[in-house]
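Letter by letter, the chains look like this.
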Amino acid sequence: MSKRVSLVHGHPAARSRASRLARTHSYSVFYAMVLPAFAVLFAFSYIPLFGIIVAFKDYNYRDGIWGSPWSGMKNFQFLFRSGKLGLLINNTLLYNIIFIIMGMVFAVLLAILVSEVRSKWFKKIAQSATFLPNFMSWVIISTIFYNMVHPRLGVINTLMKALGEAPVDVYTKTGIWYWLLPVLRIWKTAGFGSIIYFAAIMGIDQECYESAKLDGANVFQEIWHITLPMLKPTIVIVTLLNLGGILRGDFDMFYQIIGNNGLLFKSTDIIDTYVFRTLMRTNDIGMSSAAGFFQSLFCFVFILIVNLLVKRIEPDYALF
Amino acid sequence: MTTQIAPRRKRKKMHKDRLLLNIIAYSFVALFAMFCLAPFLIMISGSLSAQSAIIVHGYTLWPRDFSTRAYDVLFAAPDVMLGAFSVSVIVTASGTVLSLLLCSMAAYALGRKNFGHRNKVAFVFYFTTLFNGGLVPYYIVMVNHYQMKNNPLALVLPGLVSVWNLLLLRNFMKNNIPDSLIESAKIDGAGEFTVYVRIAMPLMVPALMAIGFFTAITYWNDWFTPMLFIDQEQLVPLQYKLYKMLNTMNALAQIAARSKDFNMPKLDLPGETIKLAMAVVAAAPIMFLYSFIQKYFVKGVTIGAVKG
Amino acid sequence: MNRRNSLRILALALMLALMLPGLPAASAEAELPPIDLSEEVHLVGYIPGDPSRENDEMMKVLNAKLKEDINTTIEFKFLNWGEFFEKYPLILASGEVFDFAYIASWADFHAHAARGAFADITEMVKAYAPDVYRIADQAVWSATSYHGKVYGIPHDGLDISTAYGFVYREDLRKKYGVQELVTLEDLGDYIRAIKKNNPEMATAARDATNNNLMLRYGLRNLTSWAFDYYGLVYDREDPDARLYSKYETPEYRDGIQLMADWKNEGFWDTSVMVGQDFVNEVDQHPFSQGLSAFFGGQTGDYSNTIDFIKDFGLDWEAGFHWVKYPSGHIDKGDVLNDGVSISATSKHPERTLMAMNLILTQPEYKWLIGFGIPEKHYVIGEDGFPTLPPGITPDNAPYNYFMHAFSWFLYDRDSTFPQRQEKDAADLLEEEMNALANAPTLYGFYLDTADLATELAALNDIWIEYEMPLTWGFINESVEADIANLIAKQKAAGIDKVREEAQKQIDAFLGK
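Just so you know, the protein sequences line up as chains Z, G and V, in that order.
Using the working numbering, read the first sequence as starting at -17 and increasing by one per residue.
Using the working numbering, read the second sequence as starting at 10 and increasing by one per residue.
Using the working numbering, read the third sequence as starting at 124 and increasing by one per residue.
Don't read these hints as lab results, they were simulated from the structure.
Be careful, since some hints might not be right.
[Unchecked claim] Residues on chain Z that point at chain G, a partial pick, calculated with CB under 10 angstroms:
(1) S27
(2) L69
(3) K105
(4) K170
(5) I177
(6) A181
[What the hints assert, rightly or not] Output of the computed footprint for chain V on chain Z, the stretches with three or more beta carbons under 8 angstroms from beta carbons of chain V:
(7) 38 to 48
(8) 110 to 117
(9) 125 to 133
(10) 227 to 236
(11) 258 to 266
We put the beta carbon where it would ideally sit given N, CA and C, even for glycine.
Isolated chain Z, as found in the complex (with noise of 0.2 angstroms):
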């Protein structure tokens, strides 16, 4: 590249115009190797993008989308009037800021004991069995999960019951779900969560601990200053890719686990849930999408915001 913007001489501007030119010229290859993937979103992302305007307009079948009448705001009405968006922006945000920090801290924490774990057997049969649950569809998961706290008959009730202690009945308790819907979920996920931090371990070049120990390092000392900084843009990339769906909840969990119980909605009820639940009867496009373009915008904005940021502190890190 420096060879032929070298070539240029003459007037500093024009200089500057050409060696943008080369520049340009010279990220083709970059380009060429970007166009394929980039083909594919075109066409099965950016062109169904235009169903955005579903959203404002009063969408009937014989008009189809361009044809329809335009509605303005009064498809997002059913949301800002409810009274309950800030409720139910406030249990999105922060149901899903507790998945994020816990989810990246346990699968962080399997990915690195794990791979400490000497016996290759033990490794094997241990890191297979934390995924078993990512496979066990939250239907299922409810249906046991349903039989183990039931407040009669469950197995923990019995057990508590057993121990002389009074029966927890946690489906009219609130407060409790904000314990047991994370448990679930890092249940669930942080054992195929932990893949990810898994090959990046694997990814280390293996010299930087051999020289570590030349130094006479301990094993804690190894993981904090070789293993988790290593870790570090990994742990951010993913938090970023979280965050990126921020108000985005997690509505097959949600809908299996509590389904319509309204005992526990305050602490329970979450963006999607609500739009399922109110968009149930009358099934209408034009208000689901407009719920969906909502999350979007606000996603959007927010991690604009993260972006520029992590780009002020770290620019490496940023997610574009």
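Add chains G and V to chain Z, keeping to what the hints say.
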């Protein structure tokens, strides 16, 4: 190579710190693994129980009233299941390979510091994870414009680029491959593409395996895409087939129970245990796949080996 | 999305379809205006459910006939029950080109019609589906109409009526000396007796929804509420159908108080709000395992339970508790549980109507759709009933009766298919109910919700969050305060606007 020598050396002088860490590691991992394993065993045990036992006694760790009825029903027509299985395998394999190719290539470019527009391009990619047009417009585009109804490509193409995976790969690319390595290769006359194939790919094997595994699982578990676009039986993949079977059986049981003007005896279809058996059947091939990938996770890479 | 519900609905549809009344046999003579049949046409349509294994074979026979009669072939695309509620609206909304689709009020027929999914067949149906037009009761066409235009073919019958009720253990009721179950209080006494003597049995019935149906239906004994749209009701005999909120009535208050008392007595715990352990098939239902004192359902569930008891030689007796309105009547069933519409995107609406006319009304077609190919898929047994050929069991039956959605609403069912002679208690009960059924003032009225979307979204949320716990007796402050809270929430959500709009439409419906 280093890892083979290391354990011997360590066993000789297992320091207190390493001993402590090992105690923590073994007990924590064992405990967590048990918590993960038990419900899965409950599920397997449930799938091997008579349905009436589940209703009366709930779920247990060991099957009560052992019965393979759920699996018998699932595999009543083995050729049909085999057909669905092969569709799944073909879709998963081709999708995963293509996806890894596309994503890693783009990730390489986006991770190169010399690519001045990398952040702008990354944003264009990332944007699609934030906004989407919704199900109806997507369906319209796919069916009315791309003619994707009953097109096997519908199962593979839309999932090829996962921006998440792409950005994770970019991250590995940026952090695990020293610039000096790339620059020295380029001084030796290698082009970007050659560097990508010869240097980046081998060094990213653990990451590629992890991401490939994610992609494979996504393809394998996807029943929603075939539900939208596939109604030809020969093109139905396993997960969707299982899903349809369960619904059909439930409907059948209802119908048989209620159609009184046709002399029909009752059907014995254990819907609950079949649901559990389905989950076991669907998970088994993925666990099998993982046992192959796992060897790439047991040993770390040594950059020096690639350098030399 | 919601398999249980959908199956429940399927069951309902099946039940209702089965109870179609006898209508005079059709003399199949159609006066067709001249239509050019020279071009061969292939029709495609969507129906819910799954095909029988040899559905294709049946279709070959059917298409051969159709080709001969009107130079047309037809293709049914089945939408699996698990995906029906996801895919059906999608197909309609996307403007995909196809010819016809199954419709039902529970599949949002009116909303889809309002958004322009179906072709206007007001005039065409008379010309191209004359038998359908003649046989179907004239009153049912209002059910498939929107703003005065017909958008679908309903099933032919008006009367399809069974009351929802509760299957319970008649033997235990007698054993514990509980009076016959007539009112909600009687049911309470029965539950109390069970709880005392069989503490291991579950004493709450929450099948189908997690709404408390015991209360909802139990109150019928005292009130004449009809419509019940987010608590908006009218007295079913009121010729003006003036709407008011049931939440503001003393009957509702007392009902909630009763439920709160029951809950405090320990008739149920919070698991009623979770909506888990419910198994569809009667023989696998906790009730049939002796684990539950009663469960909610219809006469079909009662009938199945009777069969189950007989099949397994149990020394039980089942009873069915149901309530009538104070007038001694029950409601007639929904008019539009099944039907078929022509797609707005169809290029051959005339030909589709002609095909529908044949399939729904002509015996040969009807038997094909219903039972499959004669001798191959069914034989006529000694009792005059179609039955499976020797060696074939339902498990491996190549053609299953009732798998094809059209078999649910074939016209003139009773005159075409043989009638079952042997009657059990459930059959007798059905007859009794049918005799009691009459039409409330707004029979056949469907609310057009197009301008109420925002309000209905909020009201549905309030219904789930506040009314459901209330109906199960979960009281926050006091019964009065909680009901007042519910009313206030509804007001804020715009219930008054809904009432005004509904009343306006009702007045128009009643011709005022």
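To see whether the hints hold, each was checked on the structure:
1. Taken as an interface hint, S27 (chain Z) checks out: its beta carbon lies about 4 angstroms from the nearest beta carbon of chain G, inside 10 angstroms.
2. For L69 (chain Z), the interface hint is violated, since its Cβ never comes within 10 angstroms of a Cβ in chain G; the closest pair sits about 24 angstroms apart.
3. The beta carbon of K105 (chain Z) is positioned within 10 angstroms of a beta carbon in chain G (closest approach about 7 angstroms), and the interface hint is therefore held.
4. This hint holds: K170 (chain Z) has a C-beta 9 angstroms from the nearest C-beta of chain G, less than the 10 angstroms allowed.
5. A hinted interface residue such as I177 (chain Z) counts as satisfied when its beta carbon comes closer than 10 angstroms to some beta carbon of chain G; here the least separation is about 5 angstroms, so the hint holds.
6. Against a cut-off of 10 angstroms between C-beta atoms, the interface hint on A181 (chain Z) holds, since the closest Cβ of chain G lies about 4 angstroms away.
7. Only residues whose beta carbon comes within less than 8 angstroms of a beta carbon in chain V count, and the stretch 38 to 48 of chain Z has 6; three or more means the coverage holds.
8. With a cut-off of 8 angstroms between beta carbons, the stretch 110 to 117 of chain Z has 0 residues touching chain V; three or more are needed, and the interface restraint is violated.
9. Using a Cβ-Cβ cut-off of 8 angstroms, 4 residues of the stretch 125 to 133 of chain Z lie near chain V, which meets the minimum of three, so the contact claim holds.
10. Counting residues of the stretch 227 to 236 of chain Z whose CB falls under 8 angstroms from any CB of chain V gives 0; the rule of at least 3 is not met.
11. Using a Cβ-Cβ cut-off of 8 angstroms, 8 residues of the stretch 258 to 266 of chain Z lie near chain V, which meets the minimum of three, so the contact claim holds.
Going through the hint list in order, the structure does not satisfy hints 2, 8, 10.
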